Each structure stands twice: as structure tokens, then as C-alpha cells.
Amino acid sequence: MKKIPFHSYYIALGLLLLISLIVSARVGAVPIEYDRILLFVRHAFSGKPGPSIEEQLFLQIRLPRVLLCALTGASLSVAGALMQALFRNPIVEPGLVGTSSGASLGAAFVFVMGKSLSGAWLDALGPFVLPLAAFAGGGLATWLVYRLSNVYGKVNVNTLLLAGIAVNALAAGGTGFFSYIARDPQARSIVFWNLGTLSGADWTNTGIVAFSTLTGIGLSLRYSRALNALLLGETEAGYLGVNTRRLKTRILLLNTFLVAVATSVVGVISFVGLIVPHILRLLKSSDNRWLIIGSALLGAVLLNIADMLARVIVAPSEFPIGVITAFAGAPVFLFLLIRAGRQQQKGGFYA
Amino acid sequence: MLSIEHLVCRIGERTIVDGISISFVPGQLHVIVGPNGSGKSTFLKAFSGEWTPAAGHVTYDGIGLGRFERVDLARRRSVMTQLPELHFPLSVDEIVMMGRYPHFSFRPSARDKAICEEVKGLLSIDGLGERDYLTLSGGERQRVQFARALAQIWEAPPDGGRYLFLDEPVSSLDIHYQHQFLRLARSLVKENIVLIAVLHDLNLALQYADRIVFMQQGRVMAEGTLDIVTGGLIREVFDIEARLLDDPEGGRPVIVFA
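Heads up: the sequence lines are chains W and L, in that order. Under this note's numbering, the first residue of the first sequence is numbered 1, with each subsequent residue one higher. Under this note's numbering, the first residue of the second sequence is numbered 352, with each subsequent residue one higher.
Hints in this document: simulated from the structure, not taken from any laboratory. Keep in mind that this is a model prediction, so the values were computed, not measured. Each residue gets a CB set at the ideal place from its N, CA and C atoms; glycine is no exception. Keep in mind that the hints are not guaranteed to be accurate.
Simulated pairs of lysine-lysine, BS3-like, Cα-Cα distance not exceeding 25 Å [unchecked claim]:
1. W:Lys-3 to W:Lys-284
2. W:Lys-284 to L:Lys-464
3. W:Lys-3 to L:Lys-464
So, partial list: chain W residues that the calculated Cβ filter (under 8 Å) puts toward chain L [unchecked claim]:
4. Lys-3
5. His-7
6. Arg-225
7. Asn-228
8. Ala-229
9. Leu-231
10. Gly-238
11. Leu-240
12. Arg-281
Based on the sequences and whatever the hints tell you, model everything.
Structure below.
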């Protein structure tokens, strides 16, 4: 427990985020110089963008992508922090409990079948159909995993992992089926659904993800104290005045909301929600208020770095971002799993 | 005052608490004893509001348990259980502050912080504030959890008394800490708190209780001051031969098992 106060960390992480956004806006298939970025941003604020292709590229492709990436990283990391607090276990993350793959299946369904199910209500919902379908799919998958692993009011983490594998496989199979029968070339790309990509970013979907991320994080902060109390155990949290049953439902819904909306736009990006809260815990504390705010900032930074790597390594082509997060995240996951296995005798594996 | 009338708790078809009626007054240490499976812990959960009873009434200062909001109840009643398992590192300060959670909505007030400091001083853990709870010894953890429970009810609510329930608080401690803890708990009697402890060890119970409740199969077999304790009662409740000896130094009886 180091004595550096929380707000110093927030300022440092905020600066880091700003730097990563600027650097990330610069690199890519077409590098944009910093002074040009400054000029374009000034143009955008004054409302009269210049006509150059470089400026169009920056405003219509690069900038929404960078912002979408930061928002997605924040969403996934905060969702990871929420799930870890809920299950009282550091190896849980949205990808593991089925939220991501379920959301991906919901989105794939609409993406592929949407044109055949046309109707007035579909047109009215417009760009929200995809996130809504993802929310339904992600919620259903998470609920299924939670139900399967919840025996006599206790979540057994071994069962949780196995149920997660089964539901993930089922959802991935469904997604594979839809992408196989799809005619649209983008939907046919298995890579998009299983490894995630930010190349589809535009201002509409960035706006939708911005809405879900900001409201999701705001709501999460309201539950940070209750989640702290839950670390002591459900009974103890109850004695501290927490309605644990209601809390669990709301946290599962919040997690689904944060993850599903982002996943409907960028596909499945795993392990971000695992690593980021873990780093923050090592850095300072397990206080959930810190973990939520910190995850939002650090998650944005780290996913931005991952996306930069994805664009730079094989430029002018690009890597699926999920490959990078898996390479970074899977070892951390294995490390946590080994440590959890050692602690099992002490009874620390139940939530 | 805590009043309980005809309290019944069931799990499925099985009756765990079978129609208990009893009152607990402030200013005395009430100790509940009984063999495993006698329903002590369920009984405590039911009158502290964590278990919905099948029948019966529980009132705090005349107000029905069901009429309290969860948070309102948490401001006057705190419960300390056997050491809770923690899987994440948290500092001692963060855990003690959890006791104040029912009292503030976003940030702790200066008063909340002052109360935490005061409680830590009382339990001599003021030096541990920044320490990681997971690195503490069993005795230290116990005091931290006790500090949290005390911080929760440090001030009486405007409309009633305070209640502190201890559910087998010393089971995981060695003998030194058991006595240290119970001496400390006993010293709270003068604070006008309704103080109830569930204990496993009969001799510990005799040494610290003002009033003692014997439970068996979900019923109260006997309740009263230490005078009610006899070899016959212990044989009836615990199914073991026992004799009571007088401790020439302390004045409280000691039980010897045959």
C-alpha cells in the first residue's frame, strides 16, 4: 500500500491517455505529422475543415478510430473490474463468462439476417439494432453461464470456467455459421468476429459506444462502495446494508451493456478486462472506485497501444487487434490461474 | 431492546429455529450456546435481518424488523462473523471505513474519518492503517473486523439504541486472542448496547456472560444468569457428563468434562 494519493494516479493516467491518443492518431498506413494534427483539430473546432485528403483521412477515419479504440478499452476494462468484484475472483473477465461471444453472436445474427427480417420497427431503430441485438445475445450468454455455475447460491469458479467454455464455444459456433452463410464480404470475415478490428470505425458507431461507455462507467461508480462491501462476502455486505441480490443483477446488466455495445462494433477483444484491473491492483489497491476510474483510463491507454501495434507491425496492412491482446493477456491469465490453484486449499476459489 | 416472538425458520421442510420467544436488553453480555446444528447461527441471522423467518416477530426498540430500510438497519445494528475471507489486497483503513458505508453516500465526511481513527485507537490498530489486510495475523485481522463492526454503530441513531451481534467471533483465534477479544467485547457493556454473542466454548461463555441462553434443536432450553447453569442442564443440552467447579480466584464457575 503506497502512500501516493489517488488523484496523482488519475492525473498521471489521464496524461498518459492524452499522449497515447495523439501518438496513435499520428501512426498508421499514412503517418500524419504532429503539427498537421494540431492544425486539423483547430480546423475542426473552428468548423471549417480544409479540403485536403490528409485532413479528410484524419477526421473521417483516423480520429474516430482512435476514439473508438479508447472507448472500447475503457468499456472492456471497467466491465472486467465489475465482474472480478462480483465474482470476488481476479481471473474472471467478460470474455470468459460469455458476454463477448454472446454479444458477437447477437450482432452477427443481425448483420447477416438483418436484410431478410426487414420491417418498420427495424428501420425505426436504425443504427441501434446492432447494439441491441448484441446486448440481448451477451445478456443471455452471461445469464446462462451465471446460472450454470451458481449452485446453492454460491458461484463455483471451476464450474464457471467450464460453463464459460461451453457457452463461448456455442456462441462462436453460431457466429461461424452466420458468417459462413453471409453474402456481405465484411460479415464473412471470421477474423472480425473472433479477433476484433477497429477498421470499421465511423462517427456514428463511435458516438454509440461513447454513450454506452460514459453512462456505463457513471453507473458503475454508484456501485463501487457496495462492490467493496461485497469483497467481504455476501452476508457481510448484507449486514452493511447492501441488497446483494439486486446488486448482482445490476452488475451483470451493466457488464453486458458495456461489453455488448462495444463488441457489436469492434468484435471480440479478449483479455483487456483481465489485465487492466490486475495492473491497477498491483499498482495501488483493490478499492473498486479506484479500479473503475483507473480501468477506464488505463484500459483506453493500453488498447490504444495495442491498436497502434496492430497498424504498425504489418503496415500498410493491419493485424487483428485481438491477436495482440491475446498475446499480452493469455500469459497473465495463466499466471493468475496457477496462483489461484495454489490458493485453492485455503478455500479462496469460491465466490 | 430486542424482542423476539415465536420465531420460526425453515430450510425446505426442516425446521431450524422452532418458535423462540426471548428478549435481549442493553447493558449486558448475552451469550448463546448450544451444540452444532442447534440453530444458533440461523437464529442470529434471523433476528439480525439476513434470514427471512417463516413466522414470528422481531422488534428493535418496538419497531418491527421488516419496517427498516436495509441501510437504516445497518446504522444501528452491526454483526461480526467469523473472519471473512478476502481474496484481494485491501488496506486496514479501507476495511475499517466500510463500517461507515451506511452513513455516507459518496465520500466519507470528516466525522466518518474521525470515528475510524477513534475506533482504531481503541483497538490499538492505529499503527496498521496502511497495511495490507492479507499480511496481518489472525489476531490482528480479528481486531480490524471488530473495528469495522464498531465503526458502523459508533453513534446511536436519533430514534433508538444500538445492537452488536457477534457470531462465533473467536473460533479461529488462539486462546490468548480469544480472551483478549472477549474482554474487549465485554467492556462495551457499559456503552448501553444490546450485545449478543454466539460462542462455541462453554467455559469462555461462563467466564464472560452476564446472561446465557442454551439452545438445542432450534429451541431455547434455558435462559438466565449463570445461576441456571448446572451439570444436569449441560448433560441435557450437550449430551456430555460435566461438573461445575468454583474458581477460588475469579468467582465464576468452571466446567470440567468427564
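Structure-based check of each hint:
Taking the CA atoms of Lys-3 (chain W) and Lys-284 (chain W), the gap is about 9 Å. The hint holds against a cut of 25 Å. This hinted pair checks out: Lys-284 (chain W) and Lys-464 (chain L) have alpha carbons roughly 20 Å apart, not beyond 25 Å. Taking the CA atoms of Lys-3 (chain W) and Lys-464 (chain L), the gap is near 17 Å; set against the 25 Å cutoff, the hint holds. Interface restraint check for Lys-3 (chain W): the shortest CB-CB distance to chain L comes to about 7 Å, inside 8 Å, so the restraint holds.
Checking His-7 (chain W) against chain L by beta carbon gives a least distance of about 13 Å; that is not within 8 Å, so the hint is violated. Hint on Arg-225 (chain W) holds. Least Cβ distance to chain L is approximately 5 Å, under the 8 Å limit. The beta carbon of Asn-228 (chain W) is positioned within 8 Å of a beta carbon in chain L (closest approach about 6 Å), and the interface hint is therefore held. At about 6 Å, the closest approach between the beta carbon of Ala-229 (chain W) and any beta carbon in chain L falls short of 8 Å, and the interface hint on this residue holds.
Among the interface hints, the one on Leu-231 (chain W) holds; its C-beta lies about 6 Å from the nearest C-beta in chain L, closer than the 8 Å criterion. Taken as an interface hint, Gly-238 (chain W) checks out: its beta carbon lies about 5 Å from the nearest beta carbon of chain L, inside 8 Å. Look at Leu-240 (chain W): its Cβ gets to within about 5 Å of chain L, closer than 8 Å, so that hint holds up. With a cut of 8 Å, the hint placing Arg-281 (chain W) at the interface with chain L holds, because the nearest CB-to-CB distance is about 7 Å.
Hint compliance for this structure: hint 5 alone is broken.
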